[in-house]
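*Asks:* Top line first, the protein sequences correspond to chains L and R. Letter by letter, the first sequence follows residues 1 to 329 of the UniProt record's numbering. Letter by letter, the second sequence follows residues 1 to 281 of the UniProt record's numbering.
Hints were generated in silico from the structure; no laboratory data involved. C-beta atoms are modelled at their ideal positions from N, C-alpha and C, and glycine is treated no differently. Careful: at least some of the hints might be erroneous.
What the hints assert, rightly or not - Mimicking DSBU-like on lysine-lysine, the simulated pairs with C-alpha atoms at most 35 Å apart in a straight line are:
no.: 1; chain 1: L; residue 1: LYS214; chain 2: R; residue 2: LYS11
no.: 2; chain 1: R; residue 1: LYS184; chain 2: L; residue 2: LYS207
no.: 3; chain 1: L; residue 1: LYS61; chain 2: R; residue 2: LYS229
no.: 4; chain 1: L; residue 1: LYS326; chain 2: R; residue 2: LYS11
no.: 5; chain 1: L; residue 1: LYS207; chain 2: R; residue 2: LYS11
no.: 6; chain 1: L; residue 1: LYS207; chain 2: L; residue 2: LYS326
no.: 7; chain 1: L; residue 1: LYS24; chain 2: R; residue 2: LYS184
no.: 8; chain 1: R; residue 1: LYS250; chain 2: R; residue 2: LYS229
no.: 9; chain 1: L; residue 1: LYS214; chain 2: L; residue 2: LYS326
no.: 10; chain 1: R; residue 1: LYS184; chain 2: L; residue 2: LYS18
no.: 11; chain 1: L; residue 1: LYS207; chain 2: R; residue 2: LYS101
no.: 12; chain 1: L; residue 1: LYS326; chain 2: R; residue 2: LYS101
no.: 13; chain 1: R; residue 1: LYS184; chain 2: R; residue 2: LYS101
no.: 14; chain 1: R; residue 1: LYS184; chain 2: L; residue 2: LYS326
no.: 15; chain 1: R; residue 1: LYS101; chain 2: L; residue 2: LYS24
Claimed, not checked - Below, a sample of chain R positions facing chain L; criterion: calculated Cβ distance under 8 Å:
no.: 16; residue: LYS11
no.: 17; residue: LEU30
no.: 18; residue: TYR92
no.: 19; residue: ILE109
no.: 20; residue: ALA174
no.: 21; residue: PRO178
no.: 22; residue: TYR246
Said to hold, decoys possible - A short, non-exhaustive set of chain L residues, derived as facing chain R with CB atoms under 10 Å:
no.: 23; residue: LEU148
no.: 24; residue: ASN154
no.: 25; residue: LEU321
One-letter residues, chain by chain:
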Amino acid sequence: MAVESNVIDAAGPYDRAKALSAFKLGDVTFYWITRLSAISVLLILGGIIISLVVGAFPAIKEYGLSFLWTQRWAPSADPPVLGALGPMYGTLVTSFIAMLIAIPVGLGIAIFLTELCPQWLRRPIGMAVELLAGIPSIIYGMWGFFVLGPFLANTFQPFMIRVFDGVPVLGAIFAGPPSYLSLFNAALILAIMVLPFITSISVDVFKTVPPVLKEAAYGVGCTTWEVVRSVVIPYTRVGIIGGIMLALGRALGETMAVTFIIGNSFRISSSIFAPGTTISAAIASEFAESDGLHQSGLILLGLLLFVLTFFVLAAARLMLLRLEQKAGR
Amino acid sequence: MNPIYSRRRRKDIVIRGLCIAAAAFGVTWLALILITLLYNGLTGLNLQVFTENTPPPGSTEGGLLNAIVGSLIMTVLGVGIGAPLGLFAGTYLAEYGRNDKLTSVIRFINDILLSAPSIIIGLFIYGAVVVPMRGFSAIAGSLALAVIVIPVVVRTTEDMLLLVPNPLREAASALGLPRSLVIKRIAYRAARSGLITGVLLATARVAGETAPLLFTALSNQFFSLSLNKTMANLPVTINNFVQSPYAYWKQLAWSGALLITLTVLALNIGARILGAERTAK
Numbered sequence: 001m002a003v004e005s006n007v008i009d010a011a012g013p014y015d016r017a018k019a020l021s022a023f024k025l026g027d028v029t030f031y032w033i034t035r036l037s038a039i040s041v042l043l044i045l046g047g048i049i050i051s052l053v054v055g056a057f058p059a060i061k062e063y064g065l066s067f068l069w070t071q072r073w074a075p076s077a078d079p080p081v082l083g084a085l086g087p088m089y090g091t092l093v094t095s096f097i098a099m100l101i102a103i104p105v106g107l108g109i110a111i112f113l114t115e116l117c118p119q120w121l122r123r124p125i126g127m128a129v130e131l132l133a134g135i136p137s138i139i140y141g142m143w144g145f146f147v148l149g150p151f152l153a154n155t156f157q158p159f160m161i162r163v164f165d166g167v168p169v170l171g172a173i174f175a176g177p178p179s180y181l182s183l184f185n186a187a188l189i190l191a192i193m194v195l196p197f198i199t200s201i202s203v204d205v206f207k208t209v210p211p212v213l214k215e216a217a218y219g220v221g222c223t224t225w226e227v228v229r230s231v232v233i234p235y236t237r238v239g240i241i242g243g244i245m246l247a248l249g250r251a252l253g254e255t256m257a258v259t260f261i262i263g264n265s266f267r268i269s270s271s272i273f274a275p276g277t278t279i280s281a282a283i284a285s286e287f288a289e290s291d292g293l294h295q296s297g298l299i300l301l302g303l304l305l306f307v308l309t310f311f312v313l314a315a316a317r318l319m320l321l322r323l324e325q326k327a328g329r
Numbered sequence: 001m002n003p004i005y006s007r008r009r010r011k012d013i014v015i016r017g018l019c020i021a022a023a024a025f026g027v028t029w030l031a032l033i034l035i036t037l038l039y040n041g042l043t044g045l046n047l048q049v050f051t052e053n054t055p056p057p058g059s060t061e062g063g064l065l066n067a068i069v070g071s072l073i074m075t076v077l078g079v080g081i082g083a084p085l086g087l088f089a090g091t092y093l094a095e096y097g098r099n100d101k102l103t104s105v106i107r108f109i110n111d112i113l114l115s116a117p118s119i120i121i122g123l124f125i126y127g128a129v130v131v132p133m134r135g136f137s138a139i140a141g142s143l144a145l146a147v148i149v150i151p152v153v154v155r156t157t158e159d160m161l162l163l164v165p166n167p168l169r170e171a172a173s174a175l176g177l178p179r180s181l182v183i184k185r186i187a188y189r190a191a192r193s194g195l196i197t198g199v200l201l202a203t204a205r206v207a208g209e210t211a212p213l214l215f216t217a218l219s220n221q222f223f224s225l226s227l228n229k230t231m232a233n234l235p236v237t238i239n240n241f242v243q244s245p246y247a248y249w250k251q252l253a254w255s256g257a258l259l260i261t262l263t264v265l266a267l268n269i270g271a272r273i274l275g276a277e278r279t280a281k
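Same shape as in the complex, but just chain R (with noise of 0.2 Å):
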C-alpha cells in the first residue's frame, strides 16, 4: 500500500484506540465509585440506621434518623419555594416576554446562577438569612437550596414551554380564551411531563448539596422538627463524620452517602424516563 496511505491509516487506528480508551476510562470511573460506595455502605446498612438518632462521639450504637428526616424536610421545603417560582418565572420568558429585551438578560443571568458555585449561595443565604435571624436555622438551609433550584426549574420550564407547538396556543385564543388560561390550561398541559421531569431534576440537584448548607442549616446532633433551629441532614452529617476518628461515624457516613446516591440516581433516571416518554410520543 502507499505509505501515506498507511501512515494515515495508522494514526486513524491510534486515535481510535485512544478514544475507546478515554470511554473505558470514564465508565470505569464511575463503576469504582458505584462498587466502593455499594460495599461500603451495605455493610453497615441496617435498620437502625433508619430508627435511630446520630451518635454522640464514640458511640457504636444509633443510626441517621434525624438526618434524613431533616434532610426531607428540607428539600422539600427547598423545592415547595423554589419550584413555583422557578416554574412562574420560566413561564414569563417562555410565554410572555419571548421577544423581550428583559427576557435575554433573565435568561442570560439565570444560566449563570445555574452553574454559579454553591458555597457563594451559602454565603448569600448567611448574610441574607442567618445574620438578620441570629442564628443558624432550618429555614435558612430550605432557603439556599430553594436559591439552587430556582435556575434549574426556570431553564427547564422555558425550554418546555417554548417546545409546545404554536398552534395549540392560537387554536385556544381563537376560541375565546385569555390568555392566563391558555398557558394554565394548554401549554401546561401540554408540557406537562418535560415541566414534573424539570422539578425532579432539581430535586436530585439539591438533595446532595452540601455546601451551601454548612453555614446555614448546620447540623444537629438532636432530633429536632423545628425549622427556627439547626438542623440534622444527611449531607453536612457525612461531612462531618467522614472526618471523624470513628470508625463507627465513618461507616455511618458510607451508609449515608449510599442513601443519597441511590435518591439522586433515582431521581435522575425518573426524569430520564420521563423525559424518554415524552420523546416517543
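Here chain L stands alone, though its shape is the one from the complex (with noise of 0.2 Å):
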C-alpha cells in the first residue's frame, strides 16, 4: 500500500480517494445524462399522445364516433359539422394506389441491382435511388404541381377516360374531365417518393440470402428469375413485407409532396381523377387558420392518422426485427 500511495503521491498533488471520487461523480453523471435522454424518447412519444388527444378532447365530446362516417366537412356552419370520411377516404385511395405502382417497380429495381446489374453500375444506380429518397418532399410537391399535374391532366388522363368510357365499374373510377389537381396525381407523386425506400430495403434483405442457396438453384439450371422467384423471395418475405410495410407508413404520413397536387376537396367521388383530400393535406392547408372546434376537428384528424400509422408502422418494425433475428441466427 506505502509503495503505491507514493506513486500516486509522486504524479500530482491529489490523493487516490480524492481521484476515484472524482472518477466516479463523472460515471455516474454522464450514466444519468445517457439514460435520461434515452428516457426522453418515450417522453416524446407520451407527449405527442397526450398533446394530440387533450387538443382533440373538445371534437371528440361533440361528435363521437359519428365523425367516422360523416362526409360533409362544414368548419364555418353554424354550429361546425365535421366528419372524417372524406380525409380518410383520400388517405387510404392515395395510399393504396401508390403502393400498387410502388411495389412492383421497387422490387423491380432492387432485382435489378442484386442480380442483373453489371457491377459498375451498382453503386450509381444504388446512389441515385438513395440520392432520390433524401429530396425533400415539398420539392415533389412542387414538381407535381408544376410539371406533373399539367402534363398527365393533357395527356395521360384523357387517354384513360377515352379508353374506359362506357366500360362498367372502370369507366366510374377513370371519369372526366381531366384535373390538374387529383387523387391519381397525388398518388403517382407519392409513388415516385416511397419506391427508393422500398428499393432500399429490399436491397438490404436480398443481401441476406446466403449465396450458396443462390448458387445452388442456379446449378441446378435455374434461370435468374426462377432464382429470385423459388430462393429470394420465400427467404426474404418477410423482410420484404415489413419494407413494404414502412413505406406505406410514409405514404399515409407524406403531407408536402400531396397537398399542392390533391385539390382539398372533402367530397368523395368515384373517380380517382377527381380532386379530394388526405388527412396530413387537410391539417396543412387548414390548421394555421383555424381556431376552436375547427381546430379540435384537425388535431382529431392527426389523431388517427397517428394511430393508423403506428399500427402500421409497429408491425413493420416487428417484422423486420424477425428477419434480423433469423439472420443474426
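Work from the hints to combine the two standalone chains into their complex.
*Replies:* Structure (C-alpha cells):
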C-alpha cells in the first residue's frame, strides 16, 4: 500500500481517494445523462399522444364516433359540422394506388440491382435511388404541381378516360374531366416518393440471402427469374413485407408532396381523376387559420392518422426485427 | 430446343426486361426532377435572391434573405438541441443498456418516431409549445425540428457504437479507465466519423422539412432574428409562394427549392463519403 500511495503522490497533488471519487462522480453523472436522454424518447411519444388527445378532446366530445362516417366538412357552419370520411378515404386511396405502383417497380429495381446489374453500374444507380429518398417532400409537391399535374391532365388522363369510357366500374374510376388536382396525381407523386424506401430495404434484405442457396439454384439450372421467385423472395418475404409496410407508413402520413396537387376537396368521388384530400393535406392547408372546434377536429384527424401509422409502422418494425433475428442465428 | 426450356428462357428475358425498365423508370424520375429544378431554379437565381428580403405581394423586387437566414437559424438550433440528446440516448442504448428490457422498448419506439408523419410532430409542438407560449415562434419551429432530429441521431449513434469492437473497451477498462471515459475517449473516438455521418443525415432530413414548421414557426414577411416571434424560413416560404398567383413569387419558389435541394444533396453526399471512408479503412 505504501509504495502505491507514494506513486500517486509523486504523480500530482491529488490523493487516490479524491481522484477515484472524481471519476466516480463523472461516471454517475454521465450514466444518468445518457439514461435520461434515452428515456426522453419515451417522453416524446407520451407527449405526442397526450397533446393530440387533449387537443382533440372537444371534437371527440362533440362528434363522438359519428366523426368517422360523416362526409360533410363545414367548419364555418353554425355549429360546425365535421366528418373524417373524406380525408380518410383520400388517405387510404392515394396510399393504395401509390403502393400498387411502387411495390412492383421498387422490387423490380431491387432485383435489377442485386441480380442483373453489372458491377460498375450498381453504385451509381444505388446512389441515385438513395438520393431520390433524400429530396425534401416539398420539392416533389412543387414539381407535381408545376410539371406532373399539367402533363397528366393533358395526356394520360384524357387517354384513360377515353379508353375506359362506358366500361362498367372502370369507367366510373377513370371518369372525367381531366384535372391538374386529383387523387391520382397525388398518388403518383407518392409512389415516386416511396419507391426509394422499398428499393433500398429490399436490396438490404436480398443481400441477407446466403449465396450458397442461390448458387445451388443456379447450379441445378434455374433461370435468374426462377432463382428470384423460388429462392430469394421466399427467403426474404418477411423483410420485404416489413419494408413495404414502412413505405406505406410514409405514404399515409406524407404531407407536402400531396397538399399542392390533391385539390383539398372533402367530397368523395368515385373517379380517381377528381380532386380529394388526405388527412395530412387537410391539416396542412387549414390548421394555421383554424380555431375552436374546427381546430380540435383537425387535431382529431391528426390523432386518427397517428394511430393508423403507429400500427402500420409497429407491424413493419416487428417483421423487420424477426428477420434480423433470423439472420443473426 | 426443348419447348419447356425456351418457355422458361422467354419468361426470364421478359422479367429481366421489366426489371431493367423499372430501374430506368426510377432513374428517369430523379433526372426529370433535377433537370426541371435546375432549369427553373437557375433562371431566377441571382445576387438579389441572397441580399434582399421576400417581396410583398405583386412586387417584382426582392429575394429570399430572411427565409435563408431563418432556415439556417432554425436548422442549427434544431440540430443543436436534438443532436446531443440523440447522441446521449444512443450512447445509453449501445453502451449501458445493451441487454436491458428498457433498451428494446426504447429502440422500438424510436424506430416508430423515426418514420412518424412529420405533420404530427408539428401538431405536438403546437399543443406543447405554441399554445402555452400564446403565439407562433422560431423556438417552437426549432423544437419541432429537434424532435425529428432525435430519432435519426439515436439510431445512427447506436448502430455506430455497436460496430466498435469490444476488445477496445475491455483494454481501456483493464487499464483502469472508468466507464464514462471508456465511452468518451475510446468508443466515441473509434466511431467518430460514423457519429458525424448521423448528425449530417439528420441535418439533411430537417433542412427541407416543411410540415412541422407550418404552424410552429409559421413564416414572416420581414427579416427577424427574434426567437419569440414568427420567423421566415425557406420551406414555408416556398409553400406560400407556389400557391400564389404572382409569377415572380413562383420564380422565387423555384430558386428556393433549388437551394434547399442542393443543400440536402450536398449533406447526403458528404455523409455518404464520410461513411465510405469508414468502411474503406
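*Asks:* Is the Cα-Cα distance between L/LYS214 and R/LYS11 35 Å or less?
*Replies:* holds, 19 Å
*Asks:* What's the verdict on R/LYS184 and R/LYS101, does the C-alpha distance respect the 35 Å limit or exceed it?
*Replies:* Roughly 24 Å separates the two Cα atoms, so the pair holds.
*Asks:* Does R/LYS184 pair with L/LYS207 here, judged by a C-alpha cut-off of 35 Å?
*Replies:* holds, 34 Å
*Asks:* Can the hint on R/PRO178 be confirmed by a CB-to-CB distance to chain L that is less than 8 Å?
*Replies:* holds, 4 Å
*Asks:* Is the hinted pair L/LYS61 and R/LYS229 satisfied, with a Cα-Cα distance of at most 35 Å?
*Replies:* holds, 33 Å
*Asks:* Is the Cα-Cα distance between R/LYS250 and R/LYS229 35 Å or less?
*Replies:* holds, 26 Å
*Asks:* Please work out if L/LYS207 and R/LYS101 have their alpha carbons no farther apart than 35 Å.
*Replies:* Answer holds: L/LYS207 to R/LYS101 is near 29 Å, not above 35 Å.
*Asks:* Mind checking the CB of R/ALA174 against every CB in chain L and telling me if the closest is under 8 Å?
*Replies:* For R/ALA174, the interface hint is violated, since the closest Cβ of chain L sits about 16 Å away, which is over 8 Å.
*Asks:* Could you check if R/ILE109 really has its C-beta closer than 8 Å to a C-beta on chain L?
*Replies:* holds, 5 Å
*Asks:* Against chain R, run the beta carbon of L/LEU148 and see if the smallest gap drops under 10 Å.
*Replies:* For L/LEU148, the interface hint holds, since the closest Cβ of chain R sits about 9 Å away, which is under 10 Å.
*Asks:* Between R/LYS184 and L/LYS326, does the CA-CA distance stay at or below 35 Å?
*Replies:* holds, 33 Å
*Asks:* Under the criterion of a CB-CB separation shorter than 8 Å, is R/TYR246 in contact with chain L as hinted?
*Replies:* violated, 14 Å
When each numbered hint is compared with the structure, violations occur for hints 20, 22, 24.
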